[in-house]
Structures are given as C-alpha cells and as structure tokens.
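For reference, the chains in residue letters:
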Amino acid sequence: MLNDWLFVGVFFLLAWIFPGVPILIARFLSPNKPNAIKNDTYECGVETVGDTWVQFKVQYYNFALTFLIFDVEIVFLFPWAIAFDQLPIFGVFAGAIFVLILMGELLGAWRKGALEWA
Amino acid sequence: MAFFVDPIGFIIFWLRGLLSGWGLAPGVVEFIMDALGVIAIGSFGLGFTIFLIWVERKISARIQGRIGPNRVGPYGLLQTFADIIKIFTKEHITPRGVDVAVYNLAPVLSVMAVLLLWAVIPLASTVVGTEINVGVLYIVAVGSLGTLAILIAGWSSNNKFALLGAFRTVAQMISYEVPMVLSLLTVTLLARSMSVTQVVAAQDVWFILVSPLAFLIFLVSSQAEMGRAPFDLMEAESELVAGYQTEYSGLKFGMFFVGEFLHSFTVGALVTTLFLGGWRGPGAEQYPILGIFWFFLKSFVIYFITLWLRFSLPRLRIDHILDYNWKYLVPLGLMLVVLTAVLDKWLFMVNPAINPWLRALAQLAMNAGLFLFANFLVETRNRRKPLRQPVGAPRPVARPPEKASITEKAA
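In the order they appear, the protein sequences are chains A and B.
Residue numbers are given in numbering that gives the first Met the number 0: position 89 of the first sequence equals residue 88, and the series is strictly consecutive.
Residue numbers are given in numbering that gives the first Met the number 0: position 207 of the second sequence equals residue 206, and the series is strictly consecutive.
Looking at chain B on its own, in the form it has when it is part of the complex (with noise of 0.2 angstroms):
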C-alpha cells in the first residue's frame, strides 16, 4: 500500500534498508544513494528530454497551422527516437583553428547545467535530490553555468557568426540575470529562508498571488536566459547562421538542443517551485504521489506559456532588449524589493500573526501600485520624448519609370 502512496520515498527507503542490511558503513551508503539518485535524475532528465522535443513540436506546429509529427509511431511520438538515431551517425566535423579542448567541453556543458538545477527542487514532500540551505542561491549559480557555455562555445569555435553570437550573450542573457536575481530576492524575502523546500513550504498563499510582479520578471529573465524567442539574438537564423552553434555538428550539436529543450521545461519548473506551490495541491501532503502529479501539471502550464510566447512574437531588436532590461526591469525589481521588505516588516510589527491572505492583499496591492506607477512612468517619458523612429523619414525608392506602369494598367 505504502508503494502506491509514495513510490519513489518507498524505493528510497527499500533501497537503504537493503544497503545497510549488508553492512556497508553509512558513509559508503550515503554516497550509492547520492551515486542512485544523480543517475536517476539524470537518466529522466535526458529521457524527458525525448518526449519534451515531441511535445515542442506538435505544439509548435499547432500554433504555426501545422500538423507536424504524425508519421512515425501513433501521433509522431516515435519521430524524435528516428531523429536521435540518424543524429547519432552524423560526423563530428572539427573545423580548422578550434580550440580543442574548449569546443568540445560546451555542449556537455550546457546539458550538465541544466541537469544540476533539478538537484534542488523537489518534486513531492518526499522526493527532493537535496535540501541544501541556500538552494536559491545555488539556483542562480548554476543557472549562469548555461551561459557560460553558450559564451565559451562561440569564442572557441574560430568562427565571426559564432562570435558575434558569443556577444550577443554576454550583452543579453548576462544583463538578464539582474533582474532574474532580484525577484529570486523578492521570493526570499517573502520566504524568509534560501532552501527550496523551506519556499515550497511557505507559500500557504502562492508567491504568484503575493508577488504577481516579481512572478512576471521571472518569466520575462528566464525566457532571456533560454535564449528562445523574442529573445534569441544570440542564434538569430536570419543573422548569424546559426549563433553560437554554427560550426558544431553531429551529437554535440544536439547536445545544445537537449540542453535548450530540457532548460526551457525546468523554468517551468521553477517558477512552479518559487511561485506556483511546488508540489502543493489538495491531498498531496497524505499522498506524496499525488504532489508529483499536480507538479507536472502546473509546470506544464508554465512550459506551454512558454512556448506560446516563443511562437507569437517576433524577435526583438538588440537596442530594445537591453533598454527593455536596464531602464525598466531593473529599477522595476529593485524598487520592488524595497517595498516588499518596508511594507512586510510594517505588517508582521503591526500583528506578527498576520493572516496569509490579508499579507498577500497587501503586497497584491502593493504590487499593483508599482506596476502603475512605472507605467506612469514610461508613458510620461514616451509622450515627452517619442520612441526614435529611423525608418519613419522619406528615403530615396526605387521607382518605375514615368510611363503607364503595368498594374495602373491593371487598374
């Protein structure tokens, strides 16, 4: 009974019980259940991996009018396992002047920075890889590890396409991570604690309800950090070839896909963990399976959010993007922490045994005035000063000639 309650707790606990029965010293146990669970992350990690490319591009297709995968397997689900075979024949073509040992470190790079975030967040009251105390801390770590990928793959491939997209990066996705640290504070503040389990477990109310801002200057950073449409200058097709990847092929070129895939599930997965409830839901304290279900299924939502943004907009001009960052989301987050410190000490002074809901009222409030306050702001300063229009003024056209042209005739 106890297995279909908590499957993977009852595994863990089996799994020990077996391991100290032989003998072995706690220490040495210790480290095979670390050894079993990184493997078994890993492994689903990779295998979701298989099924998240499936989902992307029916998806994708969805919204593009398409049908998209639909040949091979019941629904194109078996599409991706054809893709990975032909993938894995591919040569590995290792272009004149690389720098060997950098070029091929990039693509197990920005997979293995990827996989390390799901260390710390848990998927159900009972299964967490790690309760690490500073778990947000360690998130904002690791998660500059992908960048640092992106950016040393460009600069090793000897290649000015996949420079100018190395740039591109450190200009974009690094300039985003300010704001992405800010509302990480924000979460904390309100949290009182950096462990993930502690975040989880303070959000009687949802961060999302709390902070509605904070939640939104996530999602906008971390569809930054992806480097996914409207913000992927750093591997724009029509500009720089393919970016960063231009000279990889085969298996490591996939890597960096598998790495984009997997890192655009896992900010679903976060902002579920620091703003959604994590694996909160009715029943999921008694039963931790089903914490693992109402996870997948917030986190899904936040993907397919994702994704839609990724297929409705356009891509955004580099001098946008980084006004859009400094001018606006960084003053917006630090703003916001100010005022949610000042306005939670006021309300815990004023009754330390502050109703949730009444807080969360409070910062909602709060987080409303804010967010006018800075649309004041900007639509004052666009009236004052209109946005600069470069293609606005008449140009020299090249024009037909005077004589009757061939649609006047037409006409």
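In isolation and in its complexed conformation, chain A is listed as follows (with noise of 0.2 angstroms):
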C-alpha cells in the first residue's frame, strides 16, 4: 500500500527532470544576446501601454466560483460510488438527492444568470 504511493512521489521527485533538463541544456546551446528591443513586451510592434495585471472581467470568475462549488461536491460522491455494493436502498437514494441537489442548484445560477456570457 505504502509502496504504491513512493512510486508517486518518487515520480513527482523525477518528472521535472524530463521537460527540465532540456531545457537546461538548450540553454547552453542557444545565443543569449537580449537588447532593449527585442526584450519588450509583445503586442504586435505596438508600444505596450499601461499595467498588465489590470481588472478584468467579473465573469471569469463567476465561472470560476461555479466550477469550485461543483468539483468539491462531486468529489465527496467518490466514496459513495465505491461502498454502493454495500449501500442499502435507502444509501443509494441518499446519494441520488444529494445529486439532484446540486441539479438545483445548477438551475439557480442558471436562474440568476450566472451562467450567461453577457
């Protein structure tokens, strides 16, 4: 059990190596001759005007809040799925209306137009 989860971590010990060390060596290989021009932002020859972390637009984020409330939910249905052989009638229901739960609540933001891309 506990060998199963070192193969895991000795993977994420070793997987930056792959995409990593290429990319340490092109940095060898290739010139490295950086000017003022060259170095600036790109945005089509145009000079970058302003901040480019600035406000944007709430929507992504409405997205965003959606999509947390949602996967957290879900994942807690994982257990459930694995004990269903054990699970009485009753448990397999429980599960279901928990679900449709969250069906109403998906109609709610649909309701309140979070879901629109406006």
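The hints are simulated quantities; they were obtained by calculation from the structure and are not laboratory data.
There may be inaccurate statements among the hints.
Claimed, not checked - Listed below are the simulated EDC-like cross-link pairs for lysine to aspartate or glutamate, each with C-alpha atoms no more than 20 angstroms apart in a straight line: (1) B:Lys-384 <-> B:Asp-318; (2) A:Lys-111 <-> B:Asp-322; (3) B:Lys-326 <-> A:Asp-70; (4) A:Lys-37 <-> B:Glu-90.
Both chains come to you apart, so use the hints to assemble them.
Following this line, the structure appears as structure tokens:
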C-alpha cells in the first residue's frame, strides 16, 4: 500500500527532469544576446500601454466559482460510488437526492444568470 | 521463452532479482525499481512524442489534402529530429517584467502534468506503474495540473494577449472539468472501484457499451481540456497571437507543444483504459505482450478520432462553448450519475449474479432514453426561443456607386 505511493512520490521528484534538463541544455546551446527591443513585451509591434495585471471581466471569476462548488461536491460522491455494493437502497437514494440538490443548485445559478456570457 | 511472452514483466522480475542478489535492503531495492520505472516511463513518453508529432503532421496533412513532411528521412520520419536540433539552438528570450520563477516553471509543469498521468495507466496485465487504490481520483487531480500550467504561463508573461488566453483557460478548461469528473464518477460507479486496474478488470463488457453517454461526455470534455480545436480558445491564433505562449521562445515554447502532443495521446490511452477495456483483448491474459499491442491499437483509434475532430471542426465562440458545458453537459452528467446508480442498484437487487451483457443492455437502453429526452428538451427550447442571431439583421453596407458597376457590365 505504502509502496504504491512511493512510486508516485518518486515520480513527482523525478518528473521535472524530463522537461527541465533539456531546457537547461538548450539554454547553454542557444545564443544569448538580449537587447531592449527584443525584450519588449510583444504586442504586434505597438508599444504596450499601462499595467498588464489589470481588472478584468468578473464573468471569468463567476465560472471559476461555480466550478469550485461543483467539483468539491462531486468529489464527495466518489466514496459513495465505491461503497455502492454495501449500500442499502436508502443509501443509494440519499446519494441520488444529493445529486438532485446539486442539480437544483445548477438551475438556481442558471436562473440567476450566473451562467450567461454577457 | 518467458521473455517473448512478457518482455517488460520479465525485465522487471530479472532486475528485482539482480538487485536483491547484491544484498541491498528491500526498501532500497523498491526505491531503485521505482526510480528506474519513472525514468522508463518518462523517456518513453518524451521519445514517443517525437513519433506522435510526425503522426499528427502526417494525418493533418492528409485531412487537409496535403502531403506533409516527406523530405527528411523515409516518409519524413526524421523531420522531427531536424526540428528538435533547430529548436535547441534558438535563443531563450525573457521579456521585461515577467515573473521569472513562475514563467520558467510553466513549461516544465505542462509536460510534468501529462507524464504523471502515465503512472497509473496499465499497459498490460503485468505492466503498470503503480496500482494505487484511488487511481481515478489521481487522474482528476493530476489532470488539472495542466490547466494550472497554462494559467500561470499566461499570468506571469506580463503580456495582455497571454493574460487573455489565461482568462479563457479559467472559463473554459476549468468548466469542462466538471462533466469530465462526472463521467469518471459514472465509471467508478459501474466498476465499484477507483483503482484503474480494477476498472480494467471490471470491463467484461466494455464500458463504452454500458454507458456510451459517459464515453461521449469524457471524449468531448477531454478535447476541451487539451485545448485543441474546436476548443482552442486559449491560444486562438487569429485573435490572441498565440495565447498563453506568446512570450515563450526556444525550447520553453517547444515544451508546451511536447505537453500538448503527448496529452492528446494520453487522452486516447485514458479513454482506452476507462471505456474500451484497456489492455484486454484476445490472448492478452496469457501473453502480456499482446495486451500492450491491444492497448496501443485502441489508443491510436481514439487518438485518430481526436485528431479528426481537431482538423474538421472550426473554432467555437466562447459563449457557445460555455453554454454547451453548463447548460447541456453538466445537467446530462448529473442525471446520468443518478439514473446509473438507481438502475444498477435495482438490477443487482433483482438478481445479484446478473449477466453482464443483460446489465449492459439495460444501461444502454437507459442511456439512449436519457439522450433522447435531453435532445427533446433542447429541441423544445429551440422552437420556443430561437437561438440569438446577431448577424441576421440587415446592416448598412458599403455599396458601389449607383452607376452600372463592373460586375453588371460583365453580366
């Protein structure tokens, strides 16, 4: 059991090597001649105006928030799916009702206009 | 003889015996075996990508009526090596004002996220990185690392195009994770286990037949997760230059592409494992090498389908993409989970030793019914309130002067 996770741990430790080392090698192989114009922010040849990290449309944030609600609650259903054979019929319907409440949430967000791209 | 039946399993067994024979402690042997396994998977992944790039270029060329790479080596097979040599010697430009640490982390992370997925995919009955008992959840968790890589690439680049690409990533890729997790939940329900090897073992009848809707939802949402056409909004060339990778150059830029190419094949491998019975096929139990063959055959079929989709469909508009996800795929996925659970419980209560084909037939009928019902709802809504047609109304158009124009003369 623990040995199975050792592999994942070793993988996380070593996986950065495969993309990382070629990038380092390429860094030494490639020329390095920076100048002011080359290092400019690319904006189709026009000088960039103002700060990049600006306020943006709140709609993007809305979708991220809706995603968060759904993803967290769906993850709760995985244990339910695994214990499915041991569950009494009541347990199955409890899970089904949980999903239907989620569905209600989705319809509520829909009605509120949170899912509209305006 | 054992070598030809199961080469990889044989080598693993031999190495383990060799290391133990040197008198190393079992823990150290385990660690060395894991490290070697990781190196094998990682090198295989990157090496395989070189081949995949050629495959993709060739297939895309054929779909678009071109020939594709055909100069360097037989059938252009060595074209990718030439490209790699070129990209290794390209300058790494770091623009002013980028967040250097995060900027350099992003390409590494985008490849890492895909490679990590291969840790739990069983290639044959004896060849699997690790058999963790929450494999499906691991796929969900690691899969979203790729989204994170694109997000931080766009954010750290200090470029407005890149930032817009990152915003679109938030809206699109994150949204499509919800139906993906729902279809994975359906698979978990049907297999009664989150372990990927157990999921493969449970597929006496392939899950594509038991739950075709889950398969379709997974295919569509993973196409969106890959960020490829028709869902390639985050790097839309015609609108955002190159999206999140605008400010990257040299091999850092290349690594994003390695990640993307490998991801599209990994999706094929995931679909194979979860819906097409993984390595299972005639003779795969006795001869694991046949299992590897079946696995790659099925993966390439799915890979070809994703490429076919990519090169046939135009890019969608962002509101259409989000509507399709939140107002169609998510409710469909939720209803699919509920109905699959209730139906499966009922079937197993009526007859605990139900024939898997009978169960598949019942689930298939339920899937078809649900799909027809969803279709009916969409049709009804479209009839009641037609889709918005912003370009339908007549608008002032620049016209040629009243005098007879050249075209009329010609007519």
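Right, here's what the structure says about each hint:
The hinted pair formed by Lys-384 (chain B) and Asp-318 (chain B) meets the criterion: a straight-line CA distance of about 17 angstroms does not exceed 20 angstroms. Of the pairs offered as hints, the one joining Lys-111 (chain A) and Asp-322 (chain B) holds, with about 14 angstroms between alpha carbons and a cut-off of 20 angstroms not exceeded. As the CA atoms of Lys-326 (chain B) and Asp-70 (chain A) are separated by approximately 16 angstroms, the hinted pair is consistent with the 20 angstroms bound. Between Lys-37 (chain A) and Glu-90 (chain B) the CA atoms are separated by roughly 11 angstroms; this keeps the pair inside 20 angstroms, and the hint holds.
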